[in-house]
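J.: Here is how the chains run, residue by residue.
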Amino acid sequence: MKTKIFALLMLASLGLNAQETMHPSPAQTKKIVISGGTLHIGNGQVIENGTLSIEKGKIKIETGAVSGDVERIDATGKHVYPGVIAPNTNLGLVEVSSTKSTADFDELGEMNPSIRSIVAYNTDSKVINTLRSNGVLLAQIVPQGGMISGMSTVVQLDAWNWEDAAYALDNGVHMTFPALINRPMQMRRRGADSDPVKLGLDKIEQARVFFREAKAYLQEKTHAATNLKFEATRGLFDRSKTLYVHCDLVKEMLVAVDFAKEFNFKLVIAGGTDSYMIADILAANNVAVILHEPHALPATDDDAVDQPYKTGAQLQKAGVLFTICQDSGDGYTQIRNLPFLAGTMSTYGLTKEEALAAITLNPAKILGIADRTGSLENGKDANIVISTGDLLDMKSSIVTHAFIQGRAINLDNKHTQLFNRYKYKYGL
Amino acid sequence: MYNFTLRWLAFILLCVTSPLIAQQTYPANDIANPRSGYYAFTNATIVKDAKTTLTNATLLVKQGKIEAVGTNLPIPKEAVIINCQGKYLYPSFIDAYSDYGFDAPQGGGSSYRSPSQMISKTQGPYSWNQALKSELSHAKLFNVDDSKAKDLRKIGFGSVASHQMDGISRGTSVFVSLAKEKENLVILKEHAAAQFSFDKGTSTQDYPSSLMGSIALLRQQYLDANWYKTKPVQEGLNLSLQSFNANSSLPQIFETNDKWSALRADKIGDEFGVQYIIKGSGNEYQRIDEIKSTKATFILPINFPQAMDLEDPTDARFVNVADLKHWELAPTNLGAFEKAGIAFALTSNGLKDQSSFLANVRKAMQYGLTEQKALEALTQTPAQILQVADQVGTLDAGKWANFLITSGPIFNEKSVIIENWIQGASYAVQSDNWNTLAGTYRLQIGKEEKSLVIKGNPGSYKVTMIAKDTTQVDLSQKESLVNLSFTNKAGKSRLSGNWNGTDIGGTGQLATGEWISWKAVRTAAAAADSSAKAKPAKPEVIGDVVFPFTGFGKKTIAKQETILIKNATVWTNEKSGVLAGTDILLKGGKITAIGKGLKDASARVIDGTGKHVTAGIIDEHSHVGATGGINECSQSVTAEARIADVIDPEDVDIYRQLSGGVTASHILHGSCNTIGGQTQLLKFRWGKNAEDLKFGNWDPFIKFALGENVKRSYNTANNRFPDTRMGVEQVLTDAFTRARDYEKLGPGKRIDLELETLLEILNKKRFITCHSYVQSEINQILKVADKFGFTVNTLTHILEGYKVADKMKAHGANGSTFADWWNYKMEVLDAIPQNAYLMQKNGVNVAINSDDAEMARRLNQEAAKSVKYAGMSEEDALKMVTLNPAKMLHVADRVGSIKEGKDADVVVWSAHPLSIYAKSEQTIVDGTVVFDRVEDAKLQEALKAEKQRLVMKMLGAKKGGMATRPATPSYKAENMCEEDHNHERSLWERISHRFVNID
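Taken in order, these protein sequences are the chains called A and B. Under numbering that gives the first Met the number 0, the first residue of the first sequence is numbered 0, with each subsequent residue one higher. Under numbering that gives the first Met the number 0, the first residue of the second sequence is numbered 0, with each subsequent residue one higher.
Calculated from the structure, these hints are not laboratory results. Being a predicted model, the structure only gives us computed values, none of them experimental. Take the hints with a grain of salt, since some may be wrong.
Heads up, simulated DSS-like pairs for lysine-lysine below, C-alpha to C-alpha not over 30 Å straight-line [as the list claims (entries may be wrong)]:
hint : chain 1 : residue 1 : chain 2 : residue 2
1    : B       : Lys147    : B       : Lys181
2    : B       : Lys488    : B       : Lys467
3    : A       : Lys197    : B       : Lys957
4    : B       : Lys228    : A       : Lys422
5    : B       : Lys952    : A       : Lys197
6    : B       : Lys840    : A       : Lys77
7    : A       : Lys424    : B       : Lys806
8    : B       : Lys558    : B       : Lys943
9    : B       : Lys952    : A       : Lys422
10   : A       : Lys316    : B       : Lys946
11   : A       : Lys250    : B       : Lys952
12   : B       : Lys467    : A       : Lys424
13   : B       : Lys918    : B       : Lys598
If we strip away everything but chain B, and leave its shape as in the complex, we get:
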């Protein structure tokens, strides 16, 4: 049997002297005390790696490394033998994503209303941007922090790759063991991986102020780094770029905070030939097919959302079903990865309570994660990710002796980690579990003989003493010292003794006060825990993953159909005008026939009697379906920012707008700077992913802006040029002049994404939609465009367009405006509801747009206002929200009218489409019914039922003792152009100012 005393001695010695190194530079304040650190762990069940388990095997460790592992190994004489009978040995876990040894980042952030910080505050030969810190080598900044190390060792980790999680380009992480040693001994790999994220962290610099800005900055960094390889004199020494290049051969790890963000990261990687390893967020199961298509290896957190206290139904109402579903489904994430065959490692990062780590892994195992995969994800996969598989990850000869000694199979709920050995040194975790007192003993107290039965686990033993009667005995233990006490008629007797690992014995005082000797001789060990291999209970029924992951998603995305709309009033927007009693056939996503008495046996028939059919509504100016900030405000020219990078296909506003007949929408950058960012035209293919929502094969556009927003009239501390409309003209002229000069540069120039984009405009490959209000500025930008030889494609908002409609016509600009908004700010004082009409009368192609998530649902009625205020014809009015925006977006060959061969984007209206009494009954995109009012009622019922089920489940979890947090309302910010409307459409905008502030 195991020698108890020796074990403790070994442990104590190990704690003071490292077995690691025979020679070192550090002088010792002692006489030499060399150790070989030679150990033989015998009789163990050794899980060498996730696929290989050896029983009754031996692990030999020497000087911190594994010397050999196997069965029937000869035991070297000088090895200390540690008998691991009944114990399991596993490779210690590896966390590929940790901030161990670093402080949490502090401070940072910038405010919209404070002055701009244009350049980095980091001093030295580094990047222009404070969030780009490739020069950081975390090995140089790392400090051993044993209290944190202890927490990680407790849950089984032996080594981690660590860095301070701050900034976009973060430099290299360092791979360290969790040993309590000098830094030079625990650093196992100086540069483990290059680290990236989308989050600028504590950078106080304005740029980037949005997700699309972060992405643009990353892109430019790749280009700059490539250019830097040519040693450009203009740049001098740039240690950030130098390190960026030096780090490029390392594993590249990208931190993301959402499934879409993971796809975004991968896409950037694809552009530059980099396959990122993606640190995920835990909701990837919601789009597992897309996640798989990244071909990335993931590092996944296991921080499941905490249940909420939903006792109050009026509070519960504000928790979206999507949040409730995620609470239920989050534990399926790892199982989904495994099922999809996507490689992944596990990280403890993000856990509020580190000690819940193993419990959460077990929970994931109830939801589809296998034991083998779990172990791989904690050992081999992170080792491979970090390219340290030669050092750690399995129990093979030559690797570091990083291993766990556990009381049973590690993922068994009753098993405990007894010790965590790191670099050949032992760290106690639950060392009381080395040996158990459980068993049956022959107990001799004085002259009496009884039977003593100890059951249970260390710390919670249940002890009985059996003679004629059965007596309960209290037991307490401090390592080998044991106290027993029991009460009989005479009173309480107290025994004190020492345990030699098998038997216990000592002295005691009976109730009478008499001193006696006693001993308990073990006659039988406790029976093995029969539940060790018990399969976890099957989990309860759980809800479906729906697409999109919102209350209005479905298990399967709506499919394209052949549809025959019979006997409707059809507003063609073509020469044929409005056709009564007409049929339309939609097939293969196109309009294939318009006429009377059409037939198609395979078609789903929609009875159009009494109904009106129009082309789908196209919104020239919208901000829905984008995330991470709609404005990149930080500089006056940010042509490099792209809405295409930040599409949110799950924005419920898309579904809401489908209910108002919108089928395509032009998503614009906001208006807080002169040259804002590249736009994206979407088709509202509800349920599909960001890429599939994009309108294919369209001419790219960019958002410009003029006036109050770009001169920051609402920021009294503005220090960003320009501050006047005079300055705006200079910004524009300068930007295009720079672009022309850039074009002339020879080969080897630095590719500048901002100037490349501006060149596209000059070369008529990209088109402008320019936010503009007053006549002076409209005239101004037309003149700038004339000077540089291009046309301003669209003037959007254009509330004083009617004053210069003749000039717009002469220039060739389109006008996209509001029906009747005015007077909420100085530059809209002269806005009039006859504006659209006057522009149209001058021959300008005019659209009515929304710039408002709510109003977009009523654009047909907004168009009708031109009939009311100016006497425009009804057909012309309808065209302003269908065909005209299609023309100004260069897609009128495919959408905007009901014509054979065009896309099957149509709306079936309950009444005259310009009437306040009209509702969309069906909204069809590419021949797919994406909104159906009858279907919508069913969806709402299903949503209610699903929500009720989940609320009940969460209440049940609370009742079952699960910790909860207060009900937290779900929230989505409505994207706004900037200080444009001062119009609160959402509840939170309405009530945010009613909160009581205490600070």
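Only chain A is shown next, with the shape it has when bound in the complex:
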């Protein structure tokens, strides 16, 4: 009898929480006060035993006790963080990377600045909920394909549809630079090689011509024939949008810096494997970097075995604004490890608070949303994570609460649900 009741209870809870019945949270109504925890502000500052309140979706760091009819969360012994931001991902544009019919991130054509990732963003992707439960609350949804791939949008991860999700709409344009290096012998066809560097530069020149023409086109208000591609570049010229150039090698980044300079574009490098080699140049030009995931192999056999782990610290030291991403083919499924990637960077040279900033305030600055999020500062959106231990260490990170714009979000996901289902099967 007892087992039967237990079983019924389990079934009931499953029914309630199954992925398809999980839903976005309604807007905050009651003031929330989180007290007793260690507040990691995101800008390097740490407040022990701090109190933070959320009202109308905004953060306030309290200096004294808060009285009144509020919802109280005792965070004693816990850690409070800004929500983690995942830049440069195709999350929601693909569900199963090996299965083409589930992929909507790679459009045909070379020059597609008018492409908008947001319209294909699937808020019901099964992956999204698994990220939130590790503290990832915002993401930059990036299209790929061709040389100019299109526009990215920053989304918050608790939404009914893509319109709800949009946090910073169409505010980035993405380019992928051709490789500017000779092919290794093993990658050549039948031994011979054309000059990939020359071909690459020629291709970049085509993009330069494209933007020169776009610039001229935009000088004039009316046109006999409208060019949607040119129209889409307007935000780059007025600097309301950022140009993200996806590349890794020194030559590619040097060309990108001058490319952006010619048109006075705001530039961010995405990938940036070798960015540490020209960190001073990037810093001097105010070029930020979205670093390929640190859990990567060194670029060459001769590189230090821990080079990818310490690149972040080298950029930090040189004063380069940087963040990290998961941009591998299956990277979108791995974004929940972003805090641990930051942890690794801390093991290899960053302070823990610098490492935290690398996945919170830094990406907020880079993505142009630092006025609204990225740190636990007064007036910012209440995008907040509470963890029982160090969020950057898998040994201790257990997220107990998360808020997006003040809404307490459901931390369940497909995995916890399957876990429960089989705990039930095995009577655990």
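Guided by the hints, dock chain B onto chain A, whose structure is given.
T.: Just chain B now, kept in the frame of chain A:
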């Protein structure tokens, strides 16, 4: 003196009529014109062989063969005398590895995404496999090709063993002279050697698709050939096997492309009682001790790597120090062989520019090769290898008159080959050098008398005319016809004359237009070249050979030590649990004591204060340290393929993983077919060779796979059975049924390596680790195993193991899984990070593996995720990457925990071993510190300095006029299971799709 006119006449006659044969089957369209081809080469310095030089000696040649050689020989009257005063005679060189007379192989290859070709396209009673062509007798396919022959004659070769270099079993090479004659006259030995390689060449058949497949195919061929001797009715006539057997008494030559590949070839030879002659690749010096232990004779190329243009430092960065070092050290290869006492011959094969051959030999001589050895390697050794020493190789009576006439000692930089005589016929090489105009002459022009001085060599003479003043004279020469011209106040005078070998004379026109006669009478010959015997300059300082030959190698391999780790937090994985403030003593490669206050005066002490010590991490599923393809995809059952055959002990990923605390790793075949191949457990004894990396005395395993990869879900053109999970079950059932039936066959059966391997599984002597994902297929293979009465030892990946954990427990299977990978393909949609925990809770022994060269460096942290997601205890989590994989690999009696008597495989961590903040400070294997973070920093500094030195040297070489090629990035493919992760860990995976393609 030498009679100039006669010499030219002799040459011209020789070119049209062979001295070879008095009688022949071919009719002549002329009246009979028999020749004796009788020559006496007199007054020569004759180098009979590498050890014997005769001065002022005579060589008698008759009808293509050497009649006699010696000093004070009587000269037969009917012999044409060729005075070789000042000349040297050498045996013509022999190239034991050539493709002269054959076209380069064309076409071939197969693509992963195209339909499979299961059987050979070669029609006729031949082997099932297109790459096995023992039936080829290259004597039947050979065509004289004089333009190629000319190139070889130019660099001193008189005969070659030749075959078309295509396929694994290539048939027999043919030994031919380089004479311009009908094929029947130049073939000196019809079957010179049986030829082998690992490269299937132009075969379009899928099998084999990997190096380990090639090796398996070779092995099976030996067994099949042996079986064929019993004339099995089932096989009928198989000309390939018939020829294979017939050729077995010939020299067996194996082409290799790397030092390790040479060792692999020798090992196969050892298995079948064959001592191969190994065609090497040029990097054997990097492992000369192992090379010597093969006891093989080598045929070595002399194609040194070309320098690169490293002006751009960002390009130079991508050229590994190992490649730079090889550029510097390649010329030491032959010297290393000589010093080690390994017999070798030289081949011109592989040279891009044949004319650089002698220059390269001279270069090798600057780096330790002696003149005597060089000559032996070009004459006697290849003759012995090919068993044609009775015909060629020395200048002894009865052998073919294959010899070189040179202007001086052959390896002297200034010497030239004047003529190359082959089968008693002369082939001009640099015949202008027969006689030199150099000397002093009394010059009479009209009535004037002057002195004429000619210095230098043919083609580059420097001429002066001396009377009151010294006047420069221009000289041009076409054989015996000579033109001189000079300019004085009056203008330009031009002389034309003929040279009789000593004096020159003729007519000319002075600047005034007046015709005059002139003559130049030689009064003195040019002084002998005093630099002839000059020793080559000592070479510059060169870098060390390091072990392994990578940036992170050392001149001497790290040695086992007695080590005392003091006052650490020790995670024993035993009942004693985690011990604070504890010492561990490592001695003789074992853990000898665990406790407090341990002492050993001889020990190196590691202060463990604040540190954690665990057993070395063991990775149940990895693909590093193997080469030539990790998948033998060509058939659904390839149990005969063996990872053990293709270990690459120099994979830098081994060192990288040591930095993450990995001490042992199970290297698996990939997952592109149902029954993949035999696995190999390694210990990461960085610096040692492939055999020494193998984990000794372990139970052998084999990789199986199920699901999307084996049914080729990513190949829309798949025609390989199976295409569904239903078919996979049939493949398994069929394989084991065949194995059982095979077992019942009586004596004299064909030994089938595939079925032998499957029988080992049925007889519980080999154990399975099976790539599997979804619950249906897991359940399926457990049922197949139950039916055949064995246990599936390990289910690897096993991402839905949590759904059938009770069944796994009941069957007795272990589970080896990922921490949190999911959703990148359909069969991992239900993967959850609580999987390991749920399996463990059901009593399954669970490991966390990497299957990823990068993630293997963080397996301790991957294990920690079970603490996070499911609340597993920390000790249990650590066991998932130490003791549990040791158990599932049947080696827990030696590794996996910190226990007295176990192997000293331990890691000293900077922090709690499950923490993201933990780094390995020392990784110790068998009591040898194979990774040390402080040492690593020093190695990196040394690497930078060595690289800078080499880059500067290469830039210097470029500045010095050496031809360069563009900087070419070094590259190593990361082995992947197959379409498993879609996760780019390496730079090249990241940027390969960014190259601009023009085709």
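J.: Decide, hint by hint, whether the structure agrees.
T.: Right, here's what the structure says about each hint:
{"no.": "1", "hint": "B/Lys147 to B/Lys181", "verdict": "holds, 15 Å"}
{"no.": "2", "hint": "B/Lys488 to B/Lys467", "verdict": "holds, 14 Å"}
{"no.": "3", "hint": "A/Lys197 to B/Lys957", "verdict": "holds, 22 Å"}
{"no.": "4", "hint": "B/Lys228 to A/Lys422", "verdict": "violated, 63 Å"}
{"no.": "5", "hint": "B/Lys952 to A/Lys197", "verdict": "holds, 27 Å"}
{"no.": "6", "hint": "B/Lys840 to A/Lys77", "verdict": "holds, 29 Å"}
{"no.": "7", "hint": "A/Lys424 to B/Lys806", "verdict": "holds, 13 Å"}
{"no.": "8", "hint": "B/Lys558 to B/Lys943", "verdict": "holds, 24 Å"}
{"no.": "9", "hint": "B/Lys952 to A/Lys422", "verdict": "violated, 66 Å"}
{"no.": "10", "hint": "A/Lys316 to B/Lys946", "verdict": "holds, 26 Å"}
{"no.": "11", "hint": "A/Lys250 to B/Lys952", "verdict": "holds, 24 Å"}
{"no.": "12", "hint": "B/Lys467 to A/Lys424", "verdict": "violated, 118 Å"}
{"no.": "13", "hint": "B/Lys918 to B/Lys598", "verdict": "holds, 27 Å"}
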